[in-house]
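Each chain is listed here by its residues.
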Amino acid sequence: MNLDSKIPEGPLSEKWTNYKINQKLVNPANKRKLNIIVVGTGLAGASAAASLGALGFNVDIFCIQDSPRRAHSIAAQGGINAAKNYQNDGDSVERLFRDTIKGGDYRAREANVYRLAEVSGDIIDQCVAQGVPFARDYSGLLDNRSFGGAQVSRTFYARGQTGQQLLLGAYGALSREIERGSVKLHSRCEMEELVLVKDNAGKERARGIIVRNLVTGKLERYSAHAVVLATGGYGNVYFLSTNAMNSNGSAAWICHRKGALFANPCYVQIHPTCIPVHGDYQSKLTLMSESLRNDGRIWVPKKKEDAEAIRAGQKKANDIPEEERDYYLERRYPAFGNLVPRDVASRAAKERCDAGYGVGSTGLAVYLDFADAIKRLGKKVVEQKYGNLFQMYQKITDENPYETPMMIYPAVHYTMGGLWVDYELQTTIPGLFAAGEANFSDHGANRLGASALMQGLADGYFVLPYTLQNYLADQITLGPIPTDTPEFDEAEQSVRQREQRLMDIKGNKTVDYFHKRLGHIMWEYVGMSRNEESLTKAAAMIDELENEFWQNVQVPGDIESFNPEMEKALRLADYFELARLITADALHRKESCGGHFRTESQTPDGETLRDDEHFMYVAAWQYQGHAQPETLHKEELNYEHIKIATRNYKN
Amino acid sequence: MNFTLHIWRQENAKAKGHFETYKVSDISPDCSFLEMLDILNEQLINDHIAHPVCFDNDCREGICGMCGLYINGRPHGNDDGVTTCQLHMRKFQDGDEIWIEPWRAKAFPVIRDLVVDRSAFDKIIQAGGYVSVTTGGVPDANAIPVPKRFADMAMDAAECIGCGACVAACKNASAMLFVGAKVAHLAMLPQGQVEAQERVKKMVCRMDELGFGSCTNTYACEAECPKQIKRQNIARLNREWIKQLFAGNHKPEE
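Residue numbers (the working numbering), protein chains in the order written: chain A, 1 to 651; chain B, 1001 to 1254.
If you are wondering where the hints come from, they were derived from the structure by calculation, not from laboratory data. Accuracy of the hints is not assured; some may be wrong.
With a straight-line cut-off of 27 Å between C-alpha atoms, the simulated DSS-like cross-links for lysine-lysine are [stated by the list, open to error]:
1) K1230/B <-> K379/A
2) K1123/B <-> K1243/B
3) K537/A <-> K516/A
4) K184/A <-> K1123/B
5) K1023/B <-> K516/A
Isolated chain A (complex conformation) (with noise of 0.2 Å):
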């Protein structure tokens, strides 16, 4: 297979202009004859339909949710980031840009990176349009903050609740169309399988998707000339995460079953201000937000004792003297500070508690402290930017932040890997593209804060409805697609197959208790640090595991009704496979970068050490069949504009 990137001729500055010209367009009329799938109604799945429906196509968006409003977008808290330099403190699009590839350790994609900086703007207009109600100063100017990874601020805000204002903003442009009718809602429903149909040419295209509806269980088919995944990450695949619970990575492995190639998998994101985990029953972890770094300091104590002392109740955070704190994230990263990328704050965190320096009754947690910023700017001040974070953390532990410091420890967070897209957004099936944390293409080996809202936004407000017609404007010949061919047929049968097999286990496990088995096996061995041993290990584990839940695994209740149970092993079958190819994937990568940190390969301080030589490609794979080895292609990364460098944080 030939990965075509399709990347625009011309300078970096100008390959996304150069594409707009020369694209294919789809004339108003022709418009109202083509049918749009998006599954999704996150950032990218709503900005994408409203934008769709607003051109004049048809579009079905579909939710598993029971509104598109709940979308897990919703939870992310820090800001968006924008390339205004509004602040006048040196910010331009070629910095966004540079900042966003340096971040992702140079593992992503120049122009897509290029053209992600560019529209960055056009999203904040586009957004205070919307009357989403951003952070002000006193002139009634918009106001930034600083995120992770940057020496500006750039990032915009609406107190901790960024995702929930955008997806509103999105969510409205959205109910607009739905209320034109440009746009049909389908809430409750879950996709399980994709539909491809060969061409005159008999050539495979994706036309439609069977869902599942969650309120009857009932199979439905829907057919369209192309259809956008927008599906989020698949984070979940470790249990427990900051993902949603219902956040699942089955559409996406679906489409890669069917052929769409699946790219990166081993960059996972494991964010280092969460809240760390205190029992077995758990369900999810709560992230505090990377925009507490703008003022919180991290630290542990620096003598054993201390941490030791704490660690058995003992002595609390505010014994330790001033002088016997370890800022250590200032001591390692004086340029960046607290304020380091994610990768790089996580995996020191994780080193100061293997090495015994751990607080909290675990030892697996470290503090951010606030007692400064509260001297400096005053309790209002900081309750102001910070206090529904606040609010939150002390419902959850019981314990009031103003006082004591926090304690944090790493989660994992977002998945940087996804399916293979070209500069289109397309994959590897024609017809199909995805969108958001779905697809692999801007955040490299790490995503810096508050570029994941930049992302999904960017491309569902301003690449998918210019590059969608360079699509569409082949298909206007082709008429409606009819939904009762042998193609549709068979794609129902093999998702109530699937169903039916779970249901006929008849087994003594629940669903969960064989995700958290996962999950624990993913976290301990193909978490935050990997080697060739834990991973041929979790590689054996894996499939024992998928074995014995295929034998032993419960599924209560009927196919056909309201049935969370089967959603979720629906969901966990397709996360052993992923489980699979993410290992793999860590294993065949013998370097550490971003997200992805290698035992074996790390410099004599600590930090990720790249393979640049052998490794400067983007790994797509390609399923062969249940539990095969897949193959590996490679993207190779040819930058011509930045200059390669080792990351630094330091100076």
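Knowing the structure of chain A, use the given hints to seat chain B on it.
This is chain B only, laid out in the frame that chain A set:
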């Protein structure tokens, strides 16, 4: 901690519901309410007692608005400013009996057990709860300054998560706080002014059509709102409604 749970069971929208009693034991006080229900469901499945209890939930950090249980007579339970998923068992006493019901409102029919259909909220927003801009062609984000005070008040209202607790708490099952929050959010900003009159008219009419009750100013909605959206937003809604009545440009559409 040990608890006796009385849970509303209802197989589907048409079936007749009833309470079932279950017991859970050895629950950690740090366990969240929904994690306690997870533990119950494990038990129900493992011991083949009953179909697991269905309840809506997703983010489990109080922002998606998916969860919502009526616990001992209060939407989202006995803590202030939290959703059900943020409620922790330390808020209960060991040995407590806990009554768990779905939202009760004509506009929110039960789907199964504790799961209700809240698509009526989506329909109210579809009626006009947005600024009608299409993608592109908008002015620079800093072109129109907005006084910080107004931006902050808009944000206060915009924090609504659409969970439906206000409707569940209201004896009339009124959606005035939900609608008021959206109307006020957009009315507070210059971007929302252009359509302010149309918006309030359409949203209020849609709310009435969908079977939500009227507001009789008991403010149970404000007391139970997990995001502590203020009742002043209802006043703003009424003000916007009256403004459009007297504006005289056009009659309200039927």
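Against the structure, the hints:
1. K1230/B <-> K379/A: 24 Å, holds
2. K1123/B <-> K1243/B: Holds, at roughly 23 Å.
3. K537/A <-> K516/A: This hinted pair holds, its Cα atoms lying about 17 Å apart.
4. K184/A <-> K1123/B: 12 Å, holds
5. K1023/B <-> K516/A: Satisfied, since the Cα-Cα distance of roughly 24 Å is no more than 27 Å.
Going through the hint list in order, the structure satisfies each hint without exception.
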